Amino acid sequence: NAGVTQTPKFQVLKTGQSMTLQCAQDMNHNSMYWYRQDPGMGLRLIYYSASEGTTDKGEVPNGYNVSRLNKREFSLRLESAAPSQTSVYFCASSEAGGGTGGLAFFGQGTRLTVV
Amino acid sequence: QKEVEQNSGPLSVPEGAIASLNCTYSDRGSQSFFWYRQYSGKSPELIMFIYSNGDKEDGRFTAQLNKASQYVSLLIRDSQPSDSATYLCAVNSLNTGGFKTIFGAGTRLFVKA
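Protein chains in written order, with our numbering: chain P, 1 to 115; chain U, 1001 to 1113.
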């Protein structure tokens, strides 16, 4: 039972380079999220997708783009990496909200360093 | 105003004491509330969820919800050094883009042996 799988686990980029973080879930969840976590800042929502075919901005979307490729996969792209994007990135998925919905399952995280 | 607010701590309690963690949220229409624990370098893991006013107990953990005051708390009884971690409050609510889950910044808890 894989749950939420994100790749890569570690990445070092030079300023201006681009890359895509991949995320896939096998729990048939409708909602998927990308968060970043910086020291002392908790988890901040970058983008989310409430269902296949929809995406919406979170708290800190600038510098990122996302694609909900299908129900399983939700990717995060950095078009031109900047040192301010050095962070740990978490992908998560959940059932749609309401009641007990919104309970999030997390991937293992991607530690990204931009030099 | 942040959507979900927590005291960043650190909160330090002696072993065996009760640790009390608090969280407030801004969206009165929020429906589901979660507490996650995160050890350094690891992913958050779910401890409790609650969606009705009142208390919900699970072992040493009790979640309390007061929707009128927009307040949710987590009590940890008989705190152990292994409880030392960052505790994240999360709130799920409906927005124009659909339901989304927003996290607070987390409270660091230290349990002293």
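Worth flagging that the hints you see were computed from the coordinates, not collected in a lab. Everything numeric in this text was worked out from a predicted model, so none of it was measured. Don't take each hint at face value.
Claimed, not checked - Restricting the straight-line Cα-Cα distance to at most 25 Å, the calculated cross-link-like pairs of lysine to any residue (SDA-like) are:
{"no.": "1", "chain 1": "P", "residue 1": "K71", "chain 2": "P", "residue 2": "D38"}
{"no.": "2", "chain 1": "U", "residue 1": "K1067", "chain 2": "U", "residue 2": "Q1080"}
{"no.": "3", "chain 1": "U", "residue 1": "K1002", "chain 2": "U", "residue 2": "Q1070"}
{"no.": "4", "chain 1": "P", "residue 1": "K9", "chain 2": "P", "residue 2": "Q85"}
{"no.": "5", "chain 1": "U", "residue 1": "K1002", "chain 2": "U", "residue 2": "Y1039"}
{"no.": "6", "chain 1": "P", "residue 1": "K71", "chain 2": "U", "residue 2": "L1094"}
{"no.": "7", "chain 1": "U", "residue 1": "K1002", "chain 2": "P", "residue 2": "L103"}
{"no.": "8", "chain 1": "P", "residue 1": "K57", "chain 2": "U", "residue 2": "T1024"}
{"no.": "9", "chain 1": "U", "residue 1": "K1056", "chain 2": "U", "residue 2": "G1041"}
{"no.": "10", "chain 1": "U", "residue 1": "K1002", "chain 2": "P", "residue 2": "G58"}
{"no.": "11", "chain 1": "U", "residue 1": "K1112", "chain 2": "U", "residue 2": "K1067"}
{"no.": "12", "chain 1": "U", "residue 1": "K1042", "chain 2": "P", "residue 2": "V88"}
{"no.": "13", "chain 1": "P", "residue 1": "K57", "chain 2": "P", "residue 2": "E73"}
{"no.": "14", "chain 1": "U", "residue 1": "K1067", "chain 2": "U", "residue 2": "L1046"}
{"no.": "15", "chain 1": "U", "residue 1": "K1056", "chain 2": "P", "residue 2": "F105"}
{"no.": "16", "chain 1": "U", "residue 1": "K1002", "chain 2": "P", "residue 2": "D56"}
{"no.": "17", "chain 1": "P", "residue 1": "K14", "chain 2": "P", "residue 2": "E52"}
{"no.": "18", "chain 1": "U", "residue 1": "K1112", "chain 2": "U", "residue 2": "P1014"}
{"no.": "19", "chain 1": "P", "residue 1": "K71", "chain 2": "P", "residue 2": "Q17"}
{"no.": "20", "chain 1": "U", "residue 1": "K1042", "chain 2": "P", "residue 2": "V60"}
{"no.": "21", "chain 1": "P", "residue 1": "K9", "chain 2": "U", "residue 2": "F1061"}
{"no.": "22", "chain 1": "U", "residue 1": "K1042", "chain 2": "P", "residue 2": "Q11"}
{"no.": "23", "chain 1": "U", "residue 1": "K1042", "chain 2": "P", "residue 2": "G16"}
{"no.": "24", "chain 1": "U", "residue 1": "K1002", "chain 2": "U", "residue 2": "G1059"}
{"no.": "25", "chain 1": "P", "residue 1": "K57", "chain 2": "U", "residue 2": "K1112"}
{"no.": "26", "chain 1": "U", "residue 1": "K1042", "chain 2": "P", "residue 2": "G109"}
{"no.": "27", "chain 1": "U", "residue 1": "K1002", "chain 2": "U", "residue 2": "R1077"}
{"no.": "28", "chain 1": "U", "residue 1": "K1002", "chain 2": "P", "residue 2": "T5"}
{"no.": "29", "chain 1": "P", "residue 1": "K14", "chain 2": "P", "residue 2": "K71"}
{"no.": "30", "chain 1": "U", "residue 1": "K1002", "chain 2": "U", "residue 2": "S1052"}
{"no.": "31", "chain 1": "U", "residue 1": "K1002", "chain 2": "P", "residue 2": "T86"}
{"no.": "32", "chain 1": "U", "residue 1": "K1042", "chain 2": "U", "residue 2": "E1015"}
{"no.": "33", "chain 1": "U", "residue 1": "K1067", "chain 2": "P", "residue 2": "L103"}
{"no.": "34", "chain 1": "U", "residue 1": "K1002", "chain 2": "P", "residue 2": "R72"}
{"no.": "35", "chain 1": "U", "residue 1": "K1056", "chain 2": "P", "residue 2": "E95"}
{"no.": "36", "chain 1": "P", "residue 1": "K71", "chain 2": "P", "residue 2": "T55"}
{"no.": "37", "chain 1": "U", "residue 1": "K1002", "chain 2": "P", "residue 2": "K71"}
Unchecked claim - On the chain P side, residues computed to face chain U include the following (Cβ under 8 Å):
{"no.": "38", "residue": "F10"}
{"no.": "39", "residue": "T20"}
{"no.": "40", "residue": "M41"}
Virtual Cβ for every residue (Gly too), placed ideally from N, Cα, C.
Self-check item: Agreement of hint M41 of chain P with chain U interface, Cβ distance less than 8 Å
Solution: This interface hint holds because 6 Å falls under the 8 Å limit.
Self-check item: Pairwise hint evaluation, Q1080 of chain U against K1067 of chain U, where the allowed Cα distance is 25 Å at most
Solution: Between K1067 of chain U and Q1080 of chain U the Cα gap is close to 30 Å, so the pair fails against 25 Å, i.e. violated.
Quiz item: Holds or violated: K1042 of chain U with G16 of chain P, Cα cutoff 25 Å?
Solution: It is violated: about 28 Å lies between the C-alpha atoms, which goes past 25 Å.
Exercise. Would you check the hint for K1002 of chain U and T86 of chain P, treating anything up to 25 Å between C-alpha atoms as holding?
Key: The hint holds at about 22 Å.
Quiz item: Per the CB criterion, is T20 of chain P less than 8 Å away from chain U?
Solution: Violated. Min distance 20 Å.
Self-check item: Hint consistency between K71 of chain P and D38 of chain P [alpha-carbon to alpha-carbon, up to 25 Å]
Solution: 28 Å, violated
Quiz item: Under the criterion that the straight-line Cα-Cα distance not exceed 25 Å, is the pair K1002 of chain U, K71 of chain P satisfied?
Solution: 30 Å, violated
Practice problem: Please work out if K9 of chain P and Q85 of chain P have their alpha carbons no farther apart than 25 Å. | Solution: 15 Å, holds
Practice problem: With a cut-off of 25 Å on the C-alpha distance, tell me whether K1002 of chain U and T5 of chain P pass. | Solution: Between K1002 of chain U and T5 of chain P the Cα gap is close to 29 Å, so the pair fails against 25 Å, i.e. violated.
Quiz item: Is K1002 of chain U within 25 Å of R72 of chain P, Cα to Cα?
Solution: 30 Å, violated
Quiz item: Straight-line Cα separation of K57 of chain P and K1112 of chain U no greater than 25 Å?
Solution: 41 Å, violated
Quiz item: Does K1042 of chain U pair with V88 of chain P here, judged by a C-alpha cut-off of 25 Å?
Solution: Measuring from Cα to Cα gives roughly 10 Å; hence the hint holds.
The structure does not agree with the numbered hints 1, 2, 9, 11, 17, 19, 21, 23, 24, 25, 27, 28, 29, 34, 37, 38 and 39 stated previously, though it agrees with the rest.
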